[in-house]
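Protein chains in written order, with this note's numbering: chain A, -10 to 259; chain B, 342 to 641.
Calculated from the structure, these hints are not laboratory results. It is possible that part of the hints are untrue.
[What the hints assert, rightly or not] Computed spacing ranges between beta-carbons, pair by pair:
1. A158/A - P401/B: 56 to 64 angstroms
2. A541/B - L243/A: 32 to 40 angstroms
3. W29/A - D493/B: 19 to 27 angstroms
[What the hints assert, rightly or not] If the Cβ cut is set under 10 angstroms, some of the chain A residues that face chain B in the computed set are:
4. L8
5. N18
6. F25
7. G26
8. L47
9. F48
10. L51
11. V70
12. F91
13. I95
14. Y102
15. L110
16. K112
17. V131
18. S212
19. D225
By construction, the Cβ of each residue, glycine as well, lies at the ideal position given by its N, Cα and C atoms.
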Amino acid sequence: MRPAAWLTWGALAFFLLNLVGVVGAVLVNSFSTQWFGTWWPNGLTTAWYAEAWREYNLFDVLLVTLQVSVAVVVISVLIGVPTAYALARRDFPGKKLLNLLFLLPILMPPMTYGIPLATVLYKFHLAGSMTGVIVANLVPSVPFVVLTMTPFIEQIDTKIESAARMCGARTSAVLTRILAPLLIPGILAASILVLVRTVGMFELTFLTAGPDSETLVVSLFYSVSAAGIRAQQTVDAMAVIYTASMLVLLVIALRFVNPTQLVTRLKEHD
Amino acid sequence: MTATATTTSATPALRHRLAERGVDRLLLLLVPGTVFIALLFLYPFLYGLQLSFQPNTGGPLANYERFFTDAYLRDTIWITLRLGLPAALFNVLASIPIAYRMRGKFRGKRLITTILVVPITLGTVLTAEGLIEYLSPVGWFNKILLGLGLVDEPVRLVHNYWGVLFSLIITGFPFAFLLTLSYLSGIDPSLERAAATLGASPRQRFRHIVMPLLAPGLAVTFCLSFVLAFSVFPSAIMVGEPQGSTHVISIAAYNTAFRDFDYPMGSAVAMIMAVVMLLVIGLVLLWRTTLYRGATGGKG
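Put together the whole structure using the sequences plus the hints.
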């Protein structure tokens, strides 16, 4: 197995080396005054970041991104958690069908349902506005919350709720004092994952956004397609800003979610 | 027995019978979610489906006829599969050995996992820009190859098939790796230890213990990776050749619907895309049912 191990780590190192090259090229270029065909640019500057900030109205774009993501997270949790609770606690006829229905929006490529959805939203004059972007992004987010919360709720012992009832707790008390504290970690994990997905969601936002409701990814894509008149460095600066904000979100996410326990929960032996 | 007496005694009985099958007031919690999904997923999808049978010109099937007779449109299926299948396959196969070595606890595990997950944050645009700059004829990659004397002239790896494939691997690998690692961590290590006690070599343990338990999980991982790769859209435009070798099906769908404003045709392409994707996934999941799916020692 020794050579196989070396081969694995070698291949991994090669992949990471190229990854560093890809990311490094953008990072260096975003700070370079001029860079044509040499190993290293002629000089370094931070001017492109200021220019990108002004040129692409990044403050407005970031504000829109924040508003859309927060709205999507809050609404999808409000709709998704009750659904997940019912799915986790009851076995009823048609449950399999309902489960499938909640699985499809996650399984299907966003383009396949995004085009009909955008057509419908345009028909009702919802697309082209922030409402349209939020509604479109909710379509995969609500099922995502349902899917991540259902197993989480299943592992909460029903006896705890029964015990609370036995002790005379009303439904409201069971909800706020028993279930809520137990659910918070799961809701936080689901929320942060939905947030990462929404900030990174390109297709659905691209199909439904108007000029005032572009999120960072979409605005970034448009800046690439219209890059001819502007310096390449401003596009790269904006891409670095996007990646930096995603990185912050992901680091926060990894504090709440153990990525290796997404599918199964097994205690690690020492 | 009067009629009123029977109805009053039947009502609780019905409620009781329903409750026994799991139908009670708690199911009201399902209403918002179900209404939402019906209104915003099912309805648009069915609307798109019926719209695709109402072409701007011709009979009900005219859109589909046009798709399959126009070589430029028809070939998008093949082009997308040629990108999506190798990318998904590579991502899954490459994550097996890496994830296999990441089981258990060791120093630096969290660091390596984090480094491997970071590409998720890159997004398609930075990946595309990076590939264009890194792999360009005057970029670092070609400079190194030329410097080492491996090639005589710069290799062309962007604005064609390869650029898109690389971008799909960079963005898709972290997902495949995380899922594979997750499935692998769910296999009870004592099973492997038991095999070792019985004299199985590392190779045998991998071949006869780990692989059969991992295979169903790999099938799911492949499906999810394939969906990601199959829906490739922005990177096919930025690092590919969107009019030619990487004219993928999402570009065709988008262009017909929102550039030519032919919504019926755009919906038809979207439906074809969904069918092709479901066919591939259906085949993989069908193969999955032939696999062992018992306990892996993990919970759930």
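Consistency of the hints with the structure:
A hinted range of 56 to 64 angstroms holds for the C-beta pair A158/A and P401/B, which are about 59 angstroms apart. Between A541/B and L243/A, the C-beta spacing of about 35 angstroms keeps the proposed range 32 to 40 angstroms intact. The given range of 19 to 27 angstroms is respected by W29/A and D493/B, whose C-beta atoms sit roughly 24 angstroms from each other. A distance limit of 10 angstroms between C-beta atoms decides the matter here; for L8/A the minimum to chain B is near 7 angstroms, and the interface restraint holds.
About 6 angstroms separates the beta-carbon of N18/A from the nearest beta-carbon of chain B, less than 10 angstroms, and the hint is met. The interface hint given for F25/A holds, since its Cβ lies 7 angstroms from the closest Cβ of chain B, which is under the 10 angstroms cut-off. The closest approach between the C-beta of G26/A and any C-beta of chain B is roughly 4 angstroms, which is under the 10 angstroms cut-off, so the hint is satisfied. Hint status for L47/A: violated, given a least beta-carbon distance of 14 angstroms to chain B, over 10 angstroms.
Because the closest C-beta pair between F48/A and chain B is about 19 angstroms apart, greater than 10 angstroms, the hint is violated. Look at L51/A: its Cβ only gets to about 15 angstroms from chain B, farther than 10 angstroms, so that hint breaks. Interface restraint check for V70/A: the shortest CB-CB distance to chain B comes to about 9 angstroms, inside 10 angstroms, so the restraint holds. Residue-level restraint check for F91/A holds (minimum Cβ-Cβ distance to chain B is 6 angstroms; threshold 10 angstroms).
A hinted interface residue such as I95/A counts as satisfied when its beta carbon comes closer than 10 angstroms to some beta carbon of chain B; here the least separation is about 9 angstroms, so the hint holds. With a least beta-carbon distance of about 5 angstroms to chain B, the hint placing Y102/A at the interface is held under the 10 angstroms criterion. Checking L110/A against chain B by beta carbon gives a least distance of about 8 angstroms; that is within 10 angstroms, so the hint holds. Given hint, K112/A at the interface with chain B, holds; its Cβ is 9 angstroms from that chain's nearest Cβ, closer than 10 angstroms.
Checking V131/A against chain B by beta carbon gives a least distance of about 6 angstroms; that is within 10 angstroms, so the hint holds. Interface hint at S212/A: satisfied, since its Cβ lies 8 angstroms from the closest Cβ of chain B, which is below the 10 angstroms cut-off. The beta carbon of D225/A is positioned within 10 angstroms of a beta carbon in chain B (closest approach about 6 angstroms), and the interface hint is therefore held.
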